[in-house]
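Peer 1: Chain order of the listed sequences is A and B. Using the working numbering, the first residue of the first sequence is number 147, and each one after it goes up by one. Using the working numbering, the first residue of the second sequence is number 147, and each one after it goes up by one.
Hint data in this document are derived by calculation from the structure and do not stem from the laboratory. It is possible that some hints are incorrect.
Treat identical chains as interchangeable: a pair holds within one or across any two.
To be verified - Straight-line alpha carbon distances no greater than 20 angstroms define the calculated DMTMM-like cross-link-like pairs of lysine to aspartate or glutamate that follow:
hint	residue 1	residue 2
1	Lys-179	Glu-250
2	Lys-317	Glu-228
3	Lys-483	Glu-283
4	Lys-179	Glu-239
5	Lys-317	Asp-272
6	Lys-442	Glu-396
The model shown is predicted, which means the values in this text are computed figures rather than measured ones.
There are 2 protein chains.
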Amino acid sequence: MIIDIHGHVSAPPELYVYKANIMAHRGAHGRGKVSVSDDQLIEAVQKPIPTFGGISHLDHLDVAGIDVQLISPRPFHMMHSERPTKLVRWFTEETNNLIARQCEVLPDRFRPVAGLPQYPHENLDDAIAELERCVREMGFVGCVLNSDPTEGEGPQPPGLGDRYWYPLYEKLCELDVPALLHSAGCRSPRETYSLHFIVEETISIAHLMDSSVFNDFPDLKIVVSHGGGAIPYQIGRFQARRIRSQPDRERFEESLRRLYFDTCLYTKDAVESLLRTVGVDRCLFGSEKPGTASAKDPQTGRWMDDIRGLIEDIDWLTENDREAIFTRNAEQVYGLKSKK
Amino acid sequence: MIIDIHGHVSAPPELYVYKANIMAHRGAHGRGKVSVSDDQLIEAVQKPIPTFGGISHLDHLDVAGIDVQLISPRPFHMMHSERPTKLVRWFTEETNNLIARQCEVLPDRFRPVAGLPQYPHENLDDAIAELERCVREMGFVGCVLNSDPTEGEGPQPPGLGDRYWYPLYEKLCELDVPALLHSAGCRSPRETYSLHFIVEETISIAHLMDSSVFNDFPDLKIVVSHGGGAIPYQIGRFQARRIRSQPDRERFEESLRRLYFDTCLYTKDAVESLLRTVGVDRCLFGSEKPGTASAKDPQTGRWMDDIRGLIEDIDWLTENDREAIFTRNAEQVYGLKSKK
Numbered sequence: 147m148i149i150d151i152h153g154h155v156s157a158p159p160e161l162y163v164y165k166a167n168i169m170a171h172r173g174a175h176g177r178g179k180v181s182v183s184d185d186q187l188i189e190a191v192q193k194p195i196p197t198f199g200g201i202s203h204l205d206h207l208d209v210a211g212i213d214v215q216l217i218s219p220r221p222f223h224m225m226h227s228e229r230p231t232k233l234v235r236w237f238t239e240e241t242n243n244l245i246a247r248q249c250e251v252l253p254d255r256f257r258p259v260a261g262l263p264q265y266p267h268e269n270l271d272d273a274i275a276e277l278e279r280c281v282r283e284m285g286f287v288g289c290v291l292n293s294d295p296t297e298g299e300g301p302q303p304p305g306l307g308d309r310y311w312y313p314l315y316e317k318l319c320e321l322d323v324p325a326l327l328h329s330a331g332c333r334s335p336r337e338t339y340s341l342h343f344i345v346e347e348t349i350s351i352a353h354l355m356d357s358s359v360f361n362d363f364p365d366l367k368i369v370v371s372h373g374g375g376a377i378p379y380q381i382g383r384f385q386a387r388r389i390r391s392q393p394d395r396e397r398f399e400e401s402l403r404r405l406y407f408d409t410c411l412y413t414k415d416a417v418e419s420l421l422r423t424v425g426v427d428r429c430l431f432g433s434e435k436p437g438t439a440s441a442k443d444p445q446t447g448r449w450m451d452d453i454r455g456l457i458e459d460i461d462w463l464t465e466n467d468r469e470a471i472f473t474r475n476a477e478q479v480y481g482l483k484s485k486k
Numbered sequence: 147m148i149i150d151i152h153g154h155v156s157a158p159p160e161l162y163v164y165k166a167n168i169m170a171h172r173g174a175h176g177r178g179k180v181s182v183s184d185d186q187l188i189e190a191v192q193k194p195i196p197t198f199g200g201i202s203h204l205d206h207l208d209v210a211g212i213d214v215q216l217i218s219p220r221p222f223h224m225m226h227s228e229r230p231t232k233l234v235r236w237f238t239e240e241t242n243n244l245i246a247r248q249c250e251v252l253p254d255r256f257r258p259v260a261g262l263p264q265y266p267h268e269n270l271d272d273a274i275a276e277l278e279r280c281v282r283e284m285g286f287v288g289c290v291l292n293s294d295p296t297e298g299e300g301p302q303p304p305g306l307g308d309r310y311w312y313p314l315y316e317k318l319c320e321l322d323v324p325a326l327l328h329s330a331g332c333r334s335p336r337e338t339y340s341l342h343f344i345v346e347e348t349i350s351i352a353h354l355m356d357s358s359v360f361n362d363f364p365d366l367k368i369v370v371s372h373g374g375g376a377i378p379y380q381i382g383r384f385q386a387r388r389i390r391s392q393p394d395r396e397r398f399e400e401s402l403r404r405l406y407f408d409t410c411l412y413t414k415d416a417v418e419s420l421l422r423t424v425g426v427d428r429c430l431f432g433s434e435k436p437g438t439a440s441a442k443d444p445q446t447g448r449w450m451d452d453i454r455g456l457i458e459d460i461d462w463l464t465e466n467d468r469e470a471i472f473t474r475n476a477e478q479v480y481g482l483k484s485k486k
């Protein structure tokens, strides 16, 4: 069974009509809600998506041989930096509700991962409450966590090693679910949201590695999107810093193995480098399909997000390794077997 | 001959006493200047540096077999975000003057690369004037360019693809010298300056690749520090974006080859990945020695910044490849032969 831990919801248009409306009335018309039928939820993943190569969400999964996908909100839509913050909360709750229902009507293909209502300059109370609601009441198996709810505008909250985040880490441990690090939109004119993902992952890992988070929360499960930003490629810089400044601490590469990583990298070279750097046991298959790389490469005719194919092509992986990456690690980290 | 294009000056303490003083009096005592003898300039590179493994700058070059090193200001000292801006200008000029003199007294070992007085919210007139002074009057062979003179505080100037930077690009082309992309300090509590280097390189490359800079300045020579931040590892994401959004434009990996890259990565895996991704002809040997990775790895006994050793260990490189990386590419990009 191939489990893809990094998918985002393909929602009916009603969700984005709702979003556009609350952003227009800024709350003046009240909370409202998204009303869609089960058929509309199914249609949303069955209908061809022009921007993603002209095939449907389910087609994408079938083409890649993905059996089960964990789906969370589309990050670039999450609008954590919007004001008033109740708009963020409303939209996050509606998105999570819709994800829960889509997973209910297609239980063999999807499992739900929650978005959290995060705000740039407030505490994490609403995020924690929504995480608890999603996991306890709707069977969500994890959440996404945005290290930059200012969405590129700054000043950002403290880095992920800071105690600011501890109440959320406590709740994640209590509920025994992982957080997938994944930023949302980006308002900076210098960065696309897609580039900002990479930047935030890089900053987040470095800050976590310098902190005592994994001493304070040895059971905390953090999965870093997109193969860890720049860190596996730039690891020597951080190894040297650790040796120079904290020679008695565990080596940087050991600390790095306290994290998990998805395989959302789009070249074999990069996926191999990730696997070699952090170890097969810390890597979970993730494709983000359909998403940023859902286009066929005209040179090869291959889908650029055929990450399953890239992993199949790595000749030094054993069958046991592939089973860990495609299935077992996800089952363990997300507790999928026990939660079925 | 082994040429290291990424070195930073080891200056006598008088330079930093000068800096501390102007930052304390904020200009009230006037410009002043740094007075050091030739002997002091030589002593600065001959005396052991405790933070860099207890050997001297020249020892570091000798241990690595580096014949000639291009030296620029220590980036984390450049203080581009300080006010009033005249402090930045004074310190930059004094640093460049000192670099010029150190290269004069040790002409076989060092060649000068200029720092530029950049300010967060002003035009580039002072930077351009200082570049011209350094190249025309003192024989500098290039400069460093900081994409974030706010030093992590933001809002940053537009990305490097913006016309804001064009007057500087014009001057670089007119003088026929390259710019080494390298940020300076970092005021963000989330990022060390060393991490900020990586982030800024990542953002800068992505912005340049989306721009028309290399159409408008086909002769512009930009060298990206530290192997290009996250981009070579994350290249698939950008390739896919190009194919999806600009299918008629040249492929992203071709655009990337309009840049040059140094080899300041501290693992063989990363250096190999860089060479495979951008091509041997776009890579210049750089070690940043002595610098961030000047520590011996207790596991191997090897200097962590022995990048020459890493390159020697890559078995698929030909002698001609190594000669290009170690010597020929630097001679061409920096015009070293013609400027001797």
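Peer 1: Now, for every hint given, state plainly whether the structure supports it.
Peer 2: Status of each hint after checking the structure:
1. Proximity of Lys-179 to Glu-250 under the C-alpha cut-off of 20 angstroms is restricted to the intra-copy arrangement: shortest distance 19 angstroms within a copy versus 73 angstroms between copies.
2. In this homomeric assembly, Lys-317 and Glu-228 never come within 20 angstroms of each other (Cα to Cα): the closest approach is 25 angstroms inside a single copy and 42 angstroms across copies.
3. In the homo-oligomer, the alpha carbons of Lys-483 and Glu-283 lie at most 20 angstroms apart inside one protomer (18 angstroms), although the nearest pairing across protomers, at 72 angstroms, exceeds that limit.
4. In the homo-oligomer, the alpha carbons of Lys-179 and Glu-239 lie at most 20 angstroms apart inside one protomer (10 angstroms), although the nearest pairing across protomers, at 62 angstroms, exceeds that limit.
5. Proximity of Lys-317 and Asp-272 under a CA criterion of 20 angstroms is satisfied intra-copy only: 12 angstroms inside one chain copy versus 53 angstroms between copies.
6. With identical chains, the CA atoms of Lys-442 and Glu-396 are at most 20 angstroms apart between copies only, with a shortest distance of 16 angstroms across copies and 43 angstroms within one.
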